[in-house]
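Given chain A, put chain B in place with the hints provided.
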Amino acid sequence: MVKPEVTRPPEFEGSGVEITELEPPTSSRKGRMVFAGVVLLALLLVPALQPFVGFYSYMLQLGIVVLMWVAMTSSWNILGGYTGYISLGHNLFFGLGGYTSGLLLVHYGLSPFATALLAGVVTMFIGLVAGLITLRTRGPAFIISTIALLLMTSLIMDNWDLVGGSNGMDLPLPEIPLIWLKVPFYYAMLVAAVGAVFLGYRVQHSKLGLALRAIAQDEIKAEVAGIDTRRLKVLAFALSAYFPGVVGAIWGYNLTYLRPTIFFIIGVAAQLVLMVIIGGRGTVAGPIIGAALVVALNEVAISQFGSTELNIVVTGVILIVVLLFFPLGIIGTLREKGRLPAVLDWD
Amino acid sequence: MRGLVQVVILGLLLGGVYALMASGLTLLFGVMRVVNLAHAAFMLVAAYMAFFAFDILDIDPFVSLPAIMVVMFLGGAALYRLLFPRIEGSPRYGEMTVLMTFGLAFIAEGLMSFFFTGTFRTASPSYATDAFRVGSFFIPTAQLYASGASIVLLTGLWAFLNFTRTGYGVRATMQNRTAAQIVGVDVRRVSTISFGIGMALAGASGALISFLFPFFPARHWQWIAILLSLIVLGGLGSLKGAVIGALILAVASSLVTDYVGSAWSPMTFFLALFLILVVRPQGLFGKEQRL
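Chains A and B, in that order, are what the protein sequence lines are. Position 28 of the first sequence, counted from 1, bears residue number 28 in our numbering, the numbering being contiguous throughout. Position 222 of the second sequence, counted from 1, bears residue number 569 in our numbering, the numbering being contiguous throughout.
Isolated chain A (complex conformation) (with noise of 0.2 angstroms):
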């Protein structure tokens, strides 16, 4: 990216005060339109070539997995990146999310791709709910309240028998000819990252997304400037809730099954915040290319170790280096150097 000149007074040379632009050029605003078209473009059209490939309901299953992931991870952002507040029980509403369809599917054979966005509504109600309760506490406590309201979920499902219990329910599938039936969950899943995406974006330049990031680096100031700084942390809240209830939804379907040790272990979450730190906390583009990278990381690891245990050792290693070295991530770590495409800078 190349940086505009930007002229400075010669008394702030050395003073410490930045100027910075408040709208990148009109230019790179453009191209940044046209990338983003032509890779959604790309995305679109990418099933139309199921027929002509042998493998390629691998292909599919692969591309719902990333789209799930840069779903949560783009909601998660808005709590954890853009207001600073860590929740490592975030996988709880996309269990929840994947229970409620469940449930309308086994009970009354309603499809999970029409009560999706019922189950992310739920979910978002019960986000709300969470964040009146846990975020009267902040930092380490907040990060270990979710945590336990992780663990009692994870615990209520295990024992309650209208869900199953520990062994979960099983859903029918789809009718729909085997060699198309991961289409239509590749677009709903789609569908349910660009929202994700498109909220996240919408929050990051409005005036809630500046009121979430000023509680993010000063709560007390922000709170003295006369920002409503409780309730705007329970609306992020409950938005970072919406979308991971919608993927769990398609996410429960496209498995076929339901169970507590897939939704509700910590490894998720675990997983989640990993994507978001290694992608870039608080920018819109980093939860997207965190959630690319861990999935390839991922799937490369399987394959060339096949071996989950030290998936998980990997998981931590990277979490820990990353921490240590780049927190800023990807994309904070290439703009603070200055060397951060165009194409990729939508803050």
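To be clear, the hints were calculated from the coordinates, so they are not data collected in a lab. Just to be clear, a hint being listed does not mean it is correct.
Said to hold, decoys possible - A few chain A positions that, by computed beta-carbon distances, are all more than 10 angstroms from chain B:
(1) R32
(2) G37
(3) H107
(4) L110
(5) G338
As the list claims (entries may be wrong) - Distance windows between CB atoms, simulated:
(6) B:R535 - A:S206: 40 to 46 angstroms
(7) A:R230 - B:S473: 56 to 62 angstroms
(8) A:I156 - B:K587: 29 to 35 angstroms
(9) A:G226 - B:R536: 43 to 49 angstroms
The beta carbon of each residue, even a glycine, is placed where N, CA and C say it ideally should be.
Below, chain B alone, put in the same frame as chain A:
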């Protein structure tokens, strides 16, 4: 009534062991403001050491316990020097320590799963399943021994903190890090030693776990939630609080096991953890401060 007393006795014996487990965690928070999410994972690492020492070499867990404590002390001190000086003074220190120890917990869990598989393990020395009668009450021998060991170690910790020069330094650092530095306490050294001691206490707890509870690598998440609830109830950084919190919640969970069902006994800890953080974050004996 007799049933109730029996349940309380079992709860107190359990609480004695929980107190030892929680002491290391609360010490680390007190000295360094580190919420060590990997504490329980390191406990299980020690439990595997004790298990294999017993299983392969036929060494009783109480005999291997001191050796495990030494190994864990050295490992902990090294780990502290390797990781923590880099993030000291970072604006989001508290959050960083949680994420970092979260990462450590995963590394430990993954390595344990890789080398020892996910099978349930438990060491079975002769006293593991014994029990004797006092009046009309049953006392499980293993629990009694473990509680005894826990009381000895906690007394040792208390004596160290109250009657040695290094112990004064540790307590001074707990009260006020900057002030301790000003009056000449080598805070870096104190932190290294405290981290080592915290890990050594995790090691001792692990040796006790090896014959008290069946364990497998991923079990540590449940353990850490239990330990966090104990120290949050007692007040983070307070040793007295950790002991009292452990006794209260252990008895409460025994009662839940008895009257509601064992599946729900972990809920005692999770719910306590959640509610205390939200309603009274300073716990019973904590200073009036936010985490």
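### Query
Where does the structure disagree with the numbered hints, that is, which hint numbers, in rising order?
Failing hints: none at all.
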